[in-house]
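Residue numbers (my numbering), protein chains in the order written: chain A, 5 to 114; chain B, 18 to 131.
Just so you know, these hints were derived from the structure itself, not from any lab.
Among these hints, one or two may not hold up.
[Stated by the list, open to error] Incomplete in silico selection of chain A near chain B, CB under 10 Å:
1) K13
2) L15
3) F18
4) K19
5) V23
6) Y43
7) S44
8) Q82
9) D85
10) S86
11) A92
12) L102
13) V103
14) F104
15) G105
16) T108
Note that the Cβ used here is the ideal one computed from N, Cα and C, for glycine as well.
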Amino acid sequence: AQRVTQPEKLLSVFKGAPVELKCNYSYSGSPELFWYVQYSRQRLQLLLRHISRESIKGFTADLNKGETSFHLKKPFAQEEDSAMYYCALSGMGGFQKLVFGTGTRLLVSP
Amino acid sequence: GAGVSQSPSNKVTEKGKDVELRCDPISGHTALYWYRQRLGQGLEFLIYFQGNSAPDKSGLPSDRFSAERTGESVSTLTIQRTQQEDSAVYLCASSLTGGNQPQHFGDGTRLSIL
Numbered sequence: 005a006q007r008v009t010q011p012e013k014l015l016s017v018f019k020g021a022p023v024e025l026k027c028n029y030s031y032s033g034s035p036e037l038f039w040y041v042q043y044s045r046q047r048l049q050l051l052l053r054h055i056s057r058e059s060i061k062g063f064t065a066d067l068n069k070g071e072t073s074f075h076l077k078k079p080f081a082q083e084e085d086s087a088m089y090y091c092a093l094s095g096m097g098g099f100q101k102l103v104f105g106t107g108t109r110l111l112v113s114p
Numbered sequence: 018g019a020g021v022s023q024s025p026s027n028k029v030t031e032k033g034k035d036v037e038l039r040c041d042p043i044s045g046h047t048a049l050y051w052y053r054q055r056l057g058q059g060l061e062f063l064i065y066f067q068g069n070s071a072p073d074k075s076g077l078p079s080d081r082f083s084a085e086r087t088g089e090s091v092s093t094l095t096i097q098r099t100q101q102e103d104s105a106v107y108l109c110a111s112s113l114t115g116g117n118q119p120q121h122f123g124d125g126t127r128l129s130i131l
């Protein structure tokens, strides 16, 4: 069964501090992992996906198959990063359900 | 259209009434999802439609909840005999083929049960 675990409901940091939002998953095959973000009063949107190996808004995430993790990191948090972040998992290929974690609220204080 | 469209944006109704929520996905998207987001909570999966395949209803919380989709177009989520715990934002998302394709979300319908 597919499962995504985000152990922290809330993560509070000061501006300029490093950020790591944790995500662990359970999946028997080869997974595809994603991070979605929901800023205040905006739609939920895709932030990044592991297959793209890209950095978006300074965020990166590396898939660690040994630890079954896909933690989201940013070296220097900004106030505008405050949002709800969701980790999500799917099997490889199309036509498969995307499963979301319960989300972590990131609060960056000045 | 430009994106996923949901209607109504807000719905207030009395306990016990039936409600119907609508989702217009992006044209050409075969996959459509419904989620529930209670205040201060994360996303709760409800149902998944993929093309003409049988929907994945594993997330529906009770038999008061049902959803339909005609082909690859509009979907409706119906909640019968609403209860106060049904109060939430109901989100719809569509993607090109499901799974590894990015999901595009609507603004949601905020449902309040009095």
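Verification of the hints:
For K13/A, the suggested interface contact is upheld, since its CB lies about 8 Å from the closest CB of chain B, less than 10 Å. Of the supplied interface hints, the one on L15/A is violated, with its beta-carbon coming no nearer than about 14 Å to a beta-carbon of chain B, more than 10 Å. Of the supplied interface hints, the one on F18/A is violated, with its beta-carbon coming no nearer than about 23 Å to a beta-carbon of chain B, more than 10 Å. Given hint, K19/A at the interface with chain B, is violated; its Cβ is 24 Å from that chain's nearest Cβ, farther than 10 Å.
The closest approach between the C-beta of V23/A and any C-beta of chain B is roughly 19 Å, which is over the 10 Å cut-off, so the hint fails. A hinted interface residue such as Y43/A counts as satisfied when its beta carbon comes closer than 10 Å to some beta carbon of chain B; here the least separation is about 12 Å, so the hint is violated. Look at S44/A: its Cβ only gets to about 13 Å from chain B, farther than 10 Å, so that hint breaks. Interface restraint check: Q82/A against chain B, minimum CB-CB distance 23 Å, threshold 10 Å, status violated.
Given hint, D85/A at the interface with chain B, is violated; its Cβ is 18 Å from that chain's nearest Cβ, farther than 10 Å. Hint on S86/A is violated. Least Cβ distance to chain B is approximately 15 Å, over the 10 Å limit. Look at A92/A: its Cβ gets to within about 8 Å of chain B, closer than 10 Å, so that hint holds up. With its C-beta approaching chain B no nearer than about 6 Å, L102/A sits inside the 10 Å limit, and its interface hint holds.
Taken as an interface hint, V103/A checks out: its beta carbon lies about 7 Å from the nearest beta carbon of chain B, inside 10 Å. Annotation: F104/A was flagged as interfacial toward chain B, and the flag holds, the nearest CB pair being 5 Å apart, inside 10 Å. Interface restraint check for G105/A: the shortest CB-CB distance to chain B comes to about 7 Å, inside 10 Å, so the restraint holds. Because the closest C-beta pair between T108/A and chain B is about 9 Å apart, less than 10 Å, the hint holds.
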